[in-house]
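There are 2 protein chains.
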Amino acid sequence: MTSASFLSDFHAVAAIGATPNNGVDRQAATAEDALTRDWFAVWVQEAGWELRVDSIGNMFALLEWTPGAPFVIIGSHLDSQPLGGRFDGAYGVIAALHAARRISADVDAGGELPRFNLAVVNWFNEEGGRFAPSIMGSSVYAGLLSRDQMLAVTDLQGTSVSEALEGIGYLGTAEAPAAAGYAEIHIEQGRILEREGISIGVVDSSWYTQKLDIEVLGEQSHTGATAMADRHDALVAASRIILMVHDVTEEFADEALVSSVGQLTLEPNSPIVVARRVHLIADLRSGDPEVVKAARAKLIGDIDALARKYDIKVNVKDFDIRPIRRFPQEGLELAEQVAAGLGLSSRRIQTMAGHDSVAMNTVAPSVMLFIPSVDGVSHCEREFTTDEDMVLGLDMLTGVTRELISGALANSATGSSDAVNSALPGADAENAAALPGAVRA
Amino acid sequence: MTSASFLSDFHAVAAIGATPNNGVDRQAATAEDALTRDWFAVWVQEAGWELRVDSIGNMFALLEWTPGAPFVIIGSHLDSQPLGGRFDGAYGVIAALHAARRISADVDAGGELPRFNLAVVNWFNEEGGRFAPSIMGSSVYAGLLSRDQMLAVTDLQGTSVSEALEGIGYLGTAEAPAAAGYAEIHIEQGRILEREGISIGVVDSSWYTQKLDIEVLGEQSHTGATAMADRHDALVAASRIILMVHDVTEEFADEALVSSVGQLTLEPNSPIVVARRVHLIADLRSGDPEVVKAARAKLIGDIDALARKYDIKVNVKDFDIRPIRRFPQEGLELAEQVAAGLGLSSRRIQTMAGHDSVAMNTVAPSVMLFIPSVDGVSHCEREFTTDEDMVLGLDMLTGVTRELISGALANSATGSSDAVNSALPGADAENAAALPGAVRA
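For the record, the sequence lines run as chains A and B.
179 is the number that this note's numbering gives to position 179 of the first sequence; each next residue is one higher, with no gaps.
506 is the number that this note's numbering gives to position 65 of the second sequence; each next residue is one higher, with no gaps.
In short, the hints are calculated from the structure, not lab data.
Please read all numbers here as calculations on a predicted model, not as lab measurements.
Just so it is clear, CB atoms sit at the ideal spot from N, CA and C, and this is done for glycine as well.
A few of these clues could be false.
Said to hold, decoys possible - Some residues of chain A that are not near chain B, with every Cβ distance over 10 Å (derived):
{"#": "1", "residue": "Ala-105"}
{"#": "2", "residue": "Asp-108"}
{"#": "3", "residue": "Gly-169"}
{"#": "4", "residue": "Ala-225"}
{"#": "5", "residue": "Lys-298"}
{"#": "6", "residue": "Gly-341"}
{"#": "7", "residue": "Gly-399"}
Unchecked claim - Coverage of chain B stretches by chain A, computed from C-beta distances (three or more under 8 Å per stretch; other residues unrestricted):
{"#": "8", "region": "646 to 658"}
{"#": "9", "region": "707 to 718"}
{"#": "10", "region": "741 to 755"}
{"#": "11", "region": "791 to 798"}
Pulled out of the complex, with its shape left as it was, chain A reads as follows (with noise of 0.2 Å):
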């Protein structure tokens, strides 16, 4: 089957929100978040399926040919991060719309009729860049997170979620479809793929992620005229912790650990005035939980004594925790076979990254492919992927959906979760327990 309307497709929706270096900036429920899904909308309308737009804004397009039968549900999310590519999320969502497109076109042309019905889903607010928690639209629709606390969040200039779905008229009121099976193709955002030449990676869990919520306490004062010794300066204490994050990594084996701080809030910030408060994020991952638990205490450790020292006031939470996460088994096989098939190689890989698979994972049984990223950058304009490797992605993600409509994981259980020990030990931190079975990124 011809791919040049799938890559015709994709070019047009890299145009909507474009930057000057080839990315993308859509972030969730704003005007350029509205036309790809003004864009998601007519697509689904000329192809004449149903379109449901659900109370978090989630988008789905049914192909319902058993009245009443449950829905194998593929897609993913056309939301970007501030100056993002244009790969990461919308190739997933264009990937399905396409596959759907053949499939319906098989069975219309007499075809077996599925044992399940089709759905294609734009998620919203996947990259949580301007509402967080990322990963949302598809924890409600999971259960993970809270439909009302959700549409109540804010972003930094005070609108909310709810206020933001209206005003681009995409705050639905339509029930979403039932799950039967999930599936969702997507860049590696690493280089795995790359350097092994392989076309196709199967993810078969999630890595283990905390954050931790960090606030320096200061006190406020002229830059001027106050004497350096009696500072106490929440942005230089937050500077030395920003750095502590970052060494920690350090103490483990090469790339066993990632740390960052993504977030930073400051007050007053005035040029002349030293910091009375900081407010940051600090992201631990590893494929080895109890490498992010050494990370954590070792950094707990450090802060207490970092605030002892400066006699600064240092609050510490741990929030987000995602214990790794399985996929099933016979959703492994099953994308192995389909790939053989396809003559495509292959390999089993861990995520770094949360996806909506993830959440969906908890509901329904899974399957979560990936295709090459070149030199793994993410998350960046300059995030990329060939045409040739999308394409195959493409008829991978057909393959597979060919057969969870056909029932091949009717009888699978949806994906595994290791135990978090949500009571983490801890001098200055607060312990926030673990949202029981909460996703995000």
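Got chain A; can you put chain B on it based on the hints?
This is chain B only, laid out in the frame that chain A set:
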């Protein structure tokens, strides 16, 4: 003369924009700033004096005994830092109103007709927390900054000075009075007077200061999926620079140099994205220009080495270079005589902070006075000065003002400035020329 009405006025103004811990939040041209302006206008109206508001929002109360004669101007500013102290600026304006009322009463009671008229001023935007640069209203008055450029300055929300002033009804059209002299009283914001038990500081000069505008450019990437070795994290590099700016003070004698970073902007500021850009402002101040120049040279070199080591781009620009400015010798001697006449102890002192008087001193002979600050703290809620010290300062300002309107400094020159070497050397630095005569804190 009783000081009860002065203290009552001072504490009434401290209630406008009051914060929970005894501070105030009255940033320039906000609703809270408007309330103190209304208070000033009503007070002046009740005193029977003429009120003028000029086209950069400076408010002048005129006591015109001799039509056509120039004015001695006294006052300070009613705006504050966010969560600032209730003494900084407000004390000087309210003391000036009461000094003027005492003198007016004497003249009305048949005292000698002064040589000069008298005006009390509330300068616009001394603090610069919302609209940069600081010391805006008095610098426009003195011709050091362009009125049109300042009206176009915007805050972080994109509101311009002219829109903000118009919004609160204080974008005036009146001509400001011509100045024959200037006096201002302010809290010290340091601990020298308190430590030595002295009532009045007579400011002889301002510190040498400069700012560095530092832009750190890394590469945006995914915090979870990007290997540590592949990152170019702008926030990690910025943290190292913040510590360099802090630690450079240790290269010099104790407290010979103060340095700080009070403002920082992070992009994209998302918890799961490695930062691509950090913009920060460093502030260097010393009584000795050579110390600032040596610190700057060390920082330029260290930042250059850091950029090379971590493959990050850093742009550094010099700006806001302020030479040491000296108040006229005759004014210092006059203030010392007035203090001695009142039985008050005094000493000469430098100011590390900028003040409206530093701008005014370029166009009229000016006298700058300090009263003690408890613990030396300022630009924070626990800024404090006793009622007793405030009343002694009011007596002092009244005495100095009497001499100024009698013509004591009529033949004095304005203050003088040391030369600024605007051709600063520096590998990575783009040297923005120092604005001729610009005075900004």
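(request) May I ask you to check that Gly-341 of chain A keeps its beta-carbon over 10 Å from the closest beta-carbon of chain B? (result) 29 Å, holds
(message) Please verify that the nearest CB of chain B lies beyond 10 Å from Gly-399 of chain A's CB.
(response) Correct as stated: the minimum Cβ-Cβ distance to chain B is 26 Å, above 10 Å.
(request) With 10 Å as the threshold, tell me whether Ala-225 of chain A passes as away from chain B on beta-carbon distances. (result) 4 Å, violated
(request) Just double-check Lys-298 of chain A for me: nearest Cβ-Cβ distance to chain B has to come out over 10 Å. (result) 16 Å, holds
(message) For the region 741 to 755 of chain B, count the residues whose Cβ lies under 8 Å from any Cβ of chain A; is that count three or more?
(response) violated (count 0)
(message) Would the non-interface assignment of Ala-105 of chain A survive a Cβ cutoff of 10 Å against chain B?
(response) 35 Å, holds
(message) Can you tell me if the region 646 to 658 of chain B counts as covered by chain A, using C-beta to C-beta distances under 8 Å and a minimum of three residues?
(response) holds (count 3)
(message) At least three residues with a C-beta closer than 8 Å to a C-beta of chain A: is that true for the region 791 to 798 of chain B?
(response) holds (count 4)
(request) Verify the coverage statement for the region 707 to 718 of chain B against chain A, using a C-beta to C-beta distance below 8 Å and requiring 3 or more qualifying residues. (result) holds (count 11)
(request) Grab the minimum beta-carbon distance between Asp-108 of chain A and chain B and tell me whether it stays above 10 Å. (result) 39 Å, holds
(message) Over 10 Å from every CB of chain B: does Gly-169 of chain A meet that, or does the non-interface label fail?
(response) 25 Å, holds
Hint compliance for this structure: hints 4 and 10 are not met, and every other hint is.
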